[in-house]
Amino acid sequence: MIVSIGQLDGIAAEYKQKSRVYSKIVKICCGTGCVSSGALKVHEKLSEFIKAENLSDKVLLKKTGCHGLCERGPIIVFGDDEILYQTVGKRNLEDDARLLLKTIQDGTIAENLLYKDDDKAKRYVSPRDIPFYAGQTRIVLSQNGIIDPEDIEEYISLGGYQAVHKALKADPMEIIDWIEKSGLRGRGGGGFPTGTKWRSCRDASGEPRYVIANGDEGDPGAFMDRSLMEGNPHAVIEGMIIGGYAVGSSQGFIYVRDEYPLAVQRLLMAIDKAREYGLLGSNIFNSGFNFDIKIFRGGGAFVCGESTALMSSIEGKTGEPRAKYIHTVEKGLWDKPSNLNNVETWACVPHIINKGWEWFGSIGTPQSKGTKVFSLVGKVKNTGLVEVPMGITLNEIIFKLGGGIHGSRKFKAVQTGGPSGGCIPGEYLAMPVDFDSLTKLGSMMGSGGMIVMDERDCMVDVARYFLKFLVDESCGKCTPCREGVRRMFEIVDNICSGNGSKGDVEHLEELARAIQLGSLCALGQSAPNPVLSTIKYFRDEYNVHIEQKKCPAGVCKALTTFIIDPEKCTGCMRCASECPVTCISGEKKKAHTIDQSKCIKCGTCYDVCKFDAVKYE
Amino acid sequence: MVEFTINGKNVRAEKDETILNVARREGFDIPTLCYNDTLGSDGRCRLCMVEVRKGNRKRIVTSCLYPVESGVEVFTESPDVLLVRKTVLELLLARCPNSETIQYLAKEHGITKTRYMKDNDKGKCILCNLCVKTCEFNVGVAALCMSGKGPLKKVTTPYSEPSHDCIGCGACVAICPTGHIYMEDKDGVRTIWNKRFELARCPQCNRYHAPVEQLEFIATKSGTPMEQLLICPSCK
Amino acid sequence: MEVDTAAINTIIDKYGKDKSYLLAMFQDVQRQYRYLPKEAIQYICDRLHIPFSKGYEVATFYSSLSLTPRGKHIVHVCLGTACHLRGGPNILDSFERALNIKRGGTTENGLFTLESVNCLGACALAPLVRVDGHDYGKTTPGSVKKIIKEYGEPT
Chain A
1 MIVSIGQLDG IAAEYKQKSR VYSKIVKICC GTGCVSSGAL KVHEKLSEFI
51 KAENLSDKVL LKKTGCHGLC ERGPIIVFGD DEILYQTVGK RNLEDDARLL
101 LKTIQDGTIA ENLLYKDDDK AKRYVSPRDI PFYAGQTRIV LSQNGIIDPE
151 DIEEYISLGG YQAVHKALKA DPMEIIDWIE KSGLRGRGGG GFPTGTKWRS
201 CRDASGEPRY VIANGDEGDP GAFMDRSLME GNPHAVIEGM IIGGYAVGSS
251 QGFIYVRDEY PLAVQRLLMA IDKAREYGLL GSNIFNSGFN FDIKIFRGGG
301 AFVCGESTAL MSSIEGKTGE PRAKYIHTVE KGLWDKPSNL NNVETWACVP
351 HIINKGWEWF GSIGTPQSKG TKVFSLVGKV KNTGLVEVPM GITLNEIIFK
401 LGGGIHGSRK FKAVQTGGPS GGCIPGEYLA MPVDFDSLTK LGSMMGSGGM
451 IVMDERDCMV DVARYFLKFL VDESCGKCTP CREGVRRMFE IVDNICSGNG
501 SKGDVEHLEE LARAIQLGSL CALGQSAPNP VLSTIKYFRD EYNVHIEQKK
551 CPAGVCKALT TFIIDPEKCT GCMRCASECP VTCISGEKKK AHTIDQSKCI
601 KCGTCYDVCK FDAVKYE
Chain B
618 MVEFTINGKN VRAEKDETIL NVARREGFDI PTLCYNDTLG SDGRCRLCMV
668 EVRKGNRKRI VTSCLYPVES GVEVFTESPD VLLVRKTVLE LLLARCPNSE
718 TIQYLAKEHG ITKTRYMKDN DKGKCILCNL CVKTCEFNVG VAALCMSGKG
768 PLKKVTTPYS EPSHDCIGCG ACVAICPTGH IYMEDKDGVR TIWNKRFELA
818 RCPQCNRYHA PVEQLEFIAT KSGTPMEQLL ICPSCK
Chain C
854 MEVDTAAINT IIDKYGKDKS YLLAMFQDVQ RQYRYLPKEA IQYICDRLHI
904 PFSKGYEVAT FYSSLSLTPR GKHIVHVCLG TACHLRGGPN ILDSFERALN
954 IKRGGTTENG LFTLESVNCL GACALAPLVR VDGHDYGKTT PGSVKKIIKE
1004 YGEPT
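So the protein lines, in turn, are chains A, B and C.
Everything in the first sequence is counted per my numbering, starting at 1 for the first residue and increasing by one.
Everything in the second sequence is counted per my numbering, starting at 618 for the first residue and increasing by one.
Everything in the third sequence is counted per my numbering, starting at 854 for the first residue and increasing by one.
Since the hints were made in silico from the structure, they are not lab data.
Where hints are given, some of them may not hold.
Stated by the list, open to error - If you anchor each label on the Cβ, the simulated ranges turn out as follows: (1) E949(C) / T561(A): 21 to 29 Å; (2) A134(A) / N673(B): 43 to 51 Å; (3) K803(B) / N543(A): 52 to 60 Å; (4) A836(B) / Y868(C): 51 to 59 Å; (5) V806(B) / K1002(C): 29 to 37 Å; (6) R900(C) / E725(B): 46 to 54 Å; (7) N543(A) / N673(B): 55 to 63 Å.
What the hints assert, rightly or not - Here are the simulated lysine-lysine pairs, DSBU-like style, with alpha carbons at most 35 Å apart: (8) K324(A) / K812(B); (9) K557(A) / K870(C); (10) K58(A) / K273(A); (11) K317(A) / K632(B); (12) K557(A) / K991(C); (13) K812(B) / K317(A).
Stated by the list, open to error - Sample of chain C residues lacking proximity to chain B, with all beta carbon distances greater than 12 Å (derived): (14) Q880; (15) I894; (16) Q895.
Where is the CB? At the ideal position from N, CA and C, for every residue including glycine.
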């Protein structure tokens, strides 16, 4: 049990002492992306080798949370950012593990495991030099990929729970002041000032009060929160303890997606450990303050990311939102004052307490302070997680950190804000990324999903995709969202199938406005955004679908025909073997043809052809 | 006391009243479908939306839920309000093309046809939730529920099977604003929600008047002897 | 169907008979049966003193719960945005063809259930397929049959 700062420091010192016996530290990323790419097998194999070479007491092999560069997983980092190896074990597990062992034994760098530029001309040894990392400012993710998320002592050794101690020495109002002055705004999407929210909750009448962490990361293509909960669960817990103390709550809840089993497991383990060390429970640091946390798992309902729906779900009911004319900080969970923040927001709190609000406020822009974590996905070269200061341009994120577009195609749009956000075209790539700029563009920051699209992506199809998502995920409570969004889907679906008619776009705009104005919760109110933003920037594409019955990107199946150019086809047979309906025929080394009557227009042949012989029209 | 204006008229209200209550008292017509005095408001149907202006800020809110506020200006038929209301009605008309209630309300707002494909599987149900609430809070049996979500949401008994809890009282039928719920009394048997109820016969006039299960439920709840309950209201 | 009430009691007691944990209890029961049997819903509702209708409402609202028996192997095709852009719908389509069932369906021999999922958060590996918790990244329509074969024949 830790009751004093001396004991906390003692554990930190002891841990550091303990790790000094290791001459080498090897960190294997065991985030979901790397695990899916085989990181656990690499860990197993390398452990075997280390044991066989009797190096176990010299080498510390750690499983860490997500390093961010998911595209090149499994990722392995040696020491303090000395060497980064990518795609380890992808070619040959045994060989790669031997290379790792060699690096451990005599420091020989395995050239072919290093990160390379596209042209393979430049290789990078330290992750610090890789543009993907060099352009980042890692605060929330600073310990992700460094610490073993299952080891509370390692977290403590890096200054963990110091912020709790410091906060408990201060007056709760003082903490709210700090958070307010730091300019921290909610990372879950809305961007509401966190300090203001805390103050309202503290001022609200009613007991008990609750603090809640929203880890119901539902935006498709976004995994910031997951990586955080999996990679550094104590940071979220620490933030919540401080928030609980500030608003006068002794009970916290974390609501996590059930689709994130590892996050649930890591959080549960972290809570248990924190209790064991006396950092959760009664009389924390002998201050008289009590605080504990319960975990709730979601049930695969996107709407539960909405605060009132989430609270209803915690109460054991369906996740139907309610009108927020009386705010949840006054009447939330079980009608008691409840302060809900996103997990990333919570994870910012210990840093602000430790380093001061002035420091936090010095990062970012005047209106959007600090950093934001984005999950950069889609047609970008370096899919992964990036943490950047607010105000950085889309250009920098996509082209500098993300390495630009995969393959030889051109950038078309970037979608931010998930199903509530919008698509931003190329001409706005110089726009700074902050809460207000993205809203001005008709999109929103959202929780941080950033989906990059290229010329082969159809904007009408993207709108259709998000509408379908929202139709299925609407809770069905209020008429405009339940009935209106499915009618928007029908109209867009018609356009994609070549049955669009003149006036459809105007009809969509009218219906969209009514849904925005009339829906009960943020899900419905923002549901038309993907359609409105694509109409705003890609109206021509809608018109081509409607008037010429063509899909310029070759995505909408009813409007696309794939053909093979006999001049260019080398008869390599790749397309024929990949075609899921075997409708491509032709002899080896002779031009192939597509049987249009059987073709399902999946575009696989187009994607796999190395000779540009497949075309669509 | 709270003072504000509705469509330019000065009105006064108690602190916890909703705009809908005040507006109706003051003679302003605001349509509703899911609102009921005894069961409160959920804000589901979105017909009762009004525009609330406060300084330069304007919001479209559900009047059945929005608490009155000093100094605000309320408009019950602003262009935005009418856009939402008409859209809701057109959408409901597509959902429940055979509902007379919806046809009537839509017509009142100038909507006689819908641009959307008409549903044929939703009956006249607009998912106002009143039946579910009256069953749970007024009757106290909670036999009904909403199942599913999104467009698949519907009012049902669990698994659409005859419910053990349903007492066949028909309170759901009485409260349904569109006449969606089917109930039939025939030859001493009431059929509702796929369940058949034996109807009790009044020992004095010999007429069927209520399901036996309902009377038994009342007997247990209120302690009234069954013999008394068997006598129909007109013979009491 | 008969449910193991002792096992369900253990689950209910694990959550201290707290109604708030209704969804969690359902999820735990589903982990045992691969779906949520009606009798289990009824049993849990009775023990928690909540109406059966409220339990059913919760059970049907959350899409991660299934009220119908599912196959031995559950195939999840991710249709998150990144997977959508990189051909996820074609992968789902290929599974539907290869298994001869539609999304949400179970093969006649009870071996496979095919479901889609909104996002599994491993976008670098898009399009992603998860079978019984095992991930297959960068799948192509051509790799679908190979994945199925690892688990058995669909018919």
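Each hint, compared with the structure:
1. E949(C) / T561(A): 21 to 29 Å: holds (23 Å)
2. A134(A) / N673(B): 43 to 51 Å: holds (45 Å)
3. K803(B) / N543(A): 52 to 60 Å: holds (59 Å)
4. A836(B) / Y868(C): 51 to 59 Å: Violated, since A836(B) and Y868(C) (Cβ atoms, about 36 Å apart) do not stay within the stated range.
5. V806(B) / K1002(C): 29 to 37 Å: violated (57 Å)
6. R900(C) / E725(B): 46 to 54 Å: Holds, at about 50 Å.
7. N543(A) / N673(B): 55 to 63 Å: violated (36 Å)
8. K324(A) / K812(B): It is violated: about 39 Å lies between the C-alpha atoms, which goes past 35 Å.
9. K557(A) / K870(C): Outside the cut-off at roughly 52 Å; violated.
10. K58(A) / K273(A): holds (27 Å)
11. K317(A) / K632(B): The hint holds at about 30 Å.
12. K557(A) / K991(C): Holds, at roughly 22 Å.
13. K812(B) / K317(A): holds (27 Å)
14. Q880: The claim stands: Q880(C) keeps its Cβ more than 12 Å from every Cβ of chain B (closest is about 17 Å).
15. I894: Violated, since 8 Å does not exceed 12 Å.
16. Q895: Violated: least Cβ distance 8 Å, not greater than 12 Å.
Of the numbered hints stated above, those contradicted by the structure are hints 4, 5, 7, 8, 9, 15, 16, listed in ascending order.
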